[in-house]
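**Q** Letter by letter, the chains look like this.
Number of protein chains: 2
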Amino acid sequence: MREKTLTREYLFRGRIINLRIDRVELPDGREASREVVEHPGAVGIVALTAKGEVVLIKQYRQATGEEMWEIPAGKLEAREDPRECAVRELAEETGYTANHWEKMTSFYTSPGFANEILHLYLARGLEAGEQSLDPDEAICTYLLPLPRALEMIKRGEIRDAKTIVGLLLAARSEDGGMGEG
Amino acid sequence: MREKTLTREYLFRGRIINLRIDRVELPDGREASREVVEHPGAVGIVALTAKGEVVLIKQYRQATGEEMWEIPAGKLEAREDPRECAVRELAEETGYTANHWEKMTSFYTSPGFANEILHLYLARGLEAGEQSLDPDEAICTYLLPLPRALEMIKRGEIRDAKTIVGLLLAARSEDGGMGEG
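Protein chains in written order, with my numbering: chain H, 1 to 181; chain P, 1001 to 1181.
Calculated directly from the structure, the hints in this document are not laboratory data.
The beta carbon of each residue, even a glycine, is placed where N, CA and C say it ideally should be.
Among the hints, a few may not be true.
Said to hold, decoys possible - No more than 25 Å apart at the CA atoms, straight line, and that leaves these computed lysine-lysine pairs for DSS-like: (1) H:Lys-75 / P:Lys-1004; (2) P:Lys-1154 / H:Lys-4; (3) P:Lys-1075 / P:Lys-1103; (4) H:Lys-58 / H:Lys-154; (5) P:Lys-1154 / H:Lys-154.
To be verified - Negatives, chain P to chain H, calculated, CB over 10 Å: (6) Lys-1051; (7) Gln-1059; (8) Tyr-1096; (9) Ile-1164.
Unchecked claim - Part of the chain P face toward chain H, derived, beta carbon under 10 Å: (10) Met-1001; (11) Glu-1003; (12) Ser-1033; (13) Glu-1116; (14) Ile-1117; (15) Cys-1140.
Please model the complete structure; the sequences and the hints are all you need to start from.
**A** See below:
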């Protein structure tokens, strides 16, 4: 079922994403073109306090035109290890450090047109500290009980893929349910 | 926390996505630029048989360079109602029709750079029929018990955001757990 790449043309190389058009040969020999957004990959962190609260942030997103609830997250720097990126982004965006880190999963956010891969971590043993945001970031940090965050998914108030995946996986892990499905 | 859009420049208008650069004014008065991918939005369908199996498809994705496990899905046509799109895509990609449809949630796949919104539906009361694929699609359909699909998420074999969100929400709904968090 693989497609063979015939040509690859870059239309844009940006600060965060690149855009290319691939001409491909389909398994049956016909040709098609594919619009592909290249992204360096990113991390997201479900940070849980000892009381079972989760660290959520609220920030405005120009792409969606909305303030959104999200878990702390950020994109990988060149050759950066995902776990180091997660430690860095949690501290920069929220001020928190954690003494226990666990990889949850990695997934593609939108494989139909983008290669962005998202690495999710669970962080525990939190200690509060000071934010150090990038010059173009404005982020508010909140602590919410995990059950309340799950309610917000149900009510459509949390509308970000990595946040929904992270919270649902953390809830399954807390319930001991992920092992048995 | 809103950003004010100063200018908007389109660099690409494609078959599926557009790319634009927005110049924005930050809340503190400084300026920044945002790379934004416009997408028409899409639907995904968790289709469950009476025996508790879920309909999954496997298809090659040029963006990720991998064959991927996904729920049936597709992008919205111009002015198409999401539910009608879901009915259409389930039939086209898998041949199945369903007599009970339920909206699960809508979410943004990657709000940092894209406005793609994904509408998720739960479909039950399935009847098998014939696929009718687009000329550039090659899709294999599988029936898997839901617990096995959840295991595949845990093992990193299912790596697509909409599929992970859809299966985890369906599992919570089956467990009756979504209401109480």
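**Q** Measure nothing beyond the straight line between the CA atoms of Lys-1154 of chain P and Lys-154 of chain H; if it is 25 Å or shorter, mark the hint as holding.
**A** holds, 22 Å
**Q** Taking C-beta pairs only, is Tyr-1096 of chain P more than 10 Å away from all of chain H?
**A** The claim stands: Tyr-1096 of chain P keeps its Cβ more than 10 Å from every Cβ of chain H (closest is about 20 Å).
**Q** Measuring from the C-beta of Ser-1033 of chain P to each C-beta in chain H, is the shortest one below 10 Å?
**A** holds, 8 Å
**Q** Does the structure keep Lys-1154 of chain P and Lys-4 of chain H at a Cα separation of 25 Å or less?
**A** violated, 30 Å
**Q** Is the Cβ of Gln-1059 of chain P farther than 10 Å from every Cβ of chain H?
**A** About 7 Å separates Gln-1059 of chain P from the closest Cβ of chain H, which leaves it inside 10 Å; violated.
**Q** Does the closest beta carbon of chain H sit nearer than 10 Å to the beta carbon of Glu-1116 of chain P?
**A** Holds - the Cβ of Glu-1116 of chain P comes within 10 Å of chain H, reaching about 6 Å at its closest.
**Q** Decide if the proposed pair is consistent with the structure: Lys-58 of chain H and Lys-154 of chain H, CA atoms, cutoff 25 Å inclusive.
**A** holds, 18 Å
**Q** Holds or violated: is there a CB of chain H closer than 10 Å to the CB of Cys-1140 of chain P?
**A** Cys-1140 of chain P check passes; min Cβ-Cβ to chain H is 7 Å, inside 10 Å.
**Q** Go through the hint on Ile-1117 of chain P and say holds or violated, using the shortest Cβ distance to chain H against 10 Å.
**A** holds, 8 Å
**Q** Over 10 Å to the closest beta carbon of chain H is the bar; see if Ile-1164 of chain P clears it.
**A** Contrary to the label, Ile-1164 of chain P does not stay out of reach of chain H, its closest Cβ about 5 Å off (not over 10 Å).
**Q** Does the structure keep Lys-1075 of chain P and Lys-1103 of chain P at a Cα separation of 25 Å or less?
**A** Holds: Lys-1075 of chain P and Lys-1103 of chain P sit about 16 Å apart, inside 25 Å.
**Q** Can we keep the Met-1001 of chain P interface hint, with Cβ of chain H closer than 10 Å?
**A** Holds, because the Cβ-Cβ distance from Met-1001 of chain P to chain H comes to roughly 5 Å (cut-off 10 Å).
When each numbered hint is compared with the structure, violations occur for hints 2, 7 and 9.
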